[in-house]
Amino acid sequence: MLLVSLILFVLGIILFFVKRDLITMFMAVEVMLNAANLAFLTFARMHGDLGGQLIVFFVITVAAAEAAVGLAIILLVFRRTKSIKTDELRSMKG
Amino acid sequence: MNTVLFFILSTVAVGGVLGALFFSNQAYTALFLVLTMAALAGLYGLLGAPFIAVVQVIIYAGAIMVLFIFVIMMVRLGKGIPPAKKRWTVALSAVLGPALGLEIYLALAGALSTPRHSTPGEAFGEAEAIGRLLLTDGLYAFELTSVLLLAALVGALVLAKKPEKQ
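Keeping their order, the protein sequence lines are chains A and B.
Each residue of the first sequence is one higher than the one before, counting from 1 in this note's numbering.
Each residue of the second sequence is one higher than the one before, counting from 1 in this note's numbering.
It should be emphasised that the hints constitute simulated quantities derived from the structure, not laboratory data.
Each hint should be verified, as a subset may be incorrect.
In silico DSSO-like links for lysine-lysine, alpha-carbon gap of 27 Å or less [stated by the list, open to error]:
#1 LYS162(B) - LYS85(A)
#2 LYS85(A) - LYS161(B)
#3 LYS82(A) - LYS161(B)
#4 LYS82(A) - LYS162(B)
Cβ-to-Cβ under 7 Å is the rule here; a few derived chain B residues that face chain A [as the list claims (entries may be wrong)]:
#5 MET1
#6 THR3
#7 VAL4
#8 LEU31
#9 LEU67
#10 ALA156
Owing to the predicted nature of the structure, the values given are computational and were not obtained by experimental measurement.
Every residue gets a Cβ at the ideal spot worked out from N, C-alpha and C, and that includes glycine.
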């Protein structure tokens, strides 16, 4: 299980750096969060401790909040610059 | 039985991310990630966490990925993202990613190789036990999370609304 978690995390990092648009990079972050969740649940299982599952619950909640705000920011960026490709976004000025 | 399920589900999860990696269309990427999330929910169920598995399906595979697909539909990119101009970043991440994985593996080899599967009781990871823990040990974090969700809701509304016409 931990090996699967490690593989998913590394694939998430590769996805983050290979893709060139904000939405896919954001989805890669979600993959990495899920890999961490899998590791937490594996450790919870190993030690018979429910605390790991509690943390996963909070991680999922925070990920939902983060997705809402992040996607709103992506929409805002797209509305201003008509692009979400990281190659073309060169300015942080509003 | 469990081992077979574990191999099938983990293959589907890793294959989903690989598919997301090799398709350049964002909508395909999102759908592959829905597959990954669903397979991960199955893995969570195998790990004795049925409540977390249900939460994963509802929130991740349901809500979050649907939100992503909404935004992909709103952000029209014509013919999708062309392949990267800088090929060296792809090559570099293909080399450095596995290097990082190997490094983490070596650093954590002790933790990875101890299959101390204690056998917890029947009620491990049931909704009742999680709820009890949530309202005793995790009460402070639970309340903070509710404030965070409210703040995220208001923040997303304020950020994404159309500018008012004077």
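Hint check:
| no. | hint | in the structure |
| --- | --- | --- |
| 1 | LYS162(B) - LYS85(A) | holds, 22 Å |
| 2 | LYS85(A) - LYS161(B) | holds, 22 Å |
| 3 | LYS82(A) - LYS161(B) | holds, 16 Å |
| 4 | LYS82(A) - LYS162(B) | holds, 15 Å |
| 5 | MET1 | violated, 16 Å |
| 6 | THR3 | violated, 12 Å |
| 7 | VAL4 | violated, 15 Å |
| 8 | LEU31 | violated, 11 Å |
| 9 | LEU67 | holds, 6 Å |
| 10 | ALA156 | holds, 4 Å |
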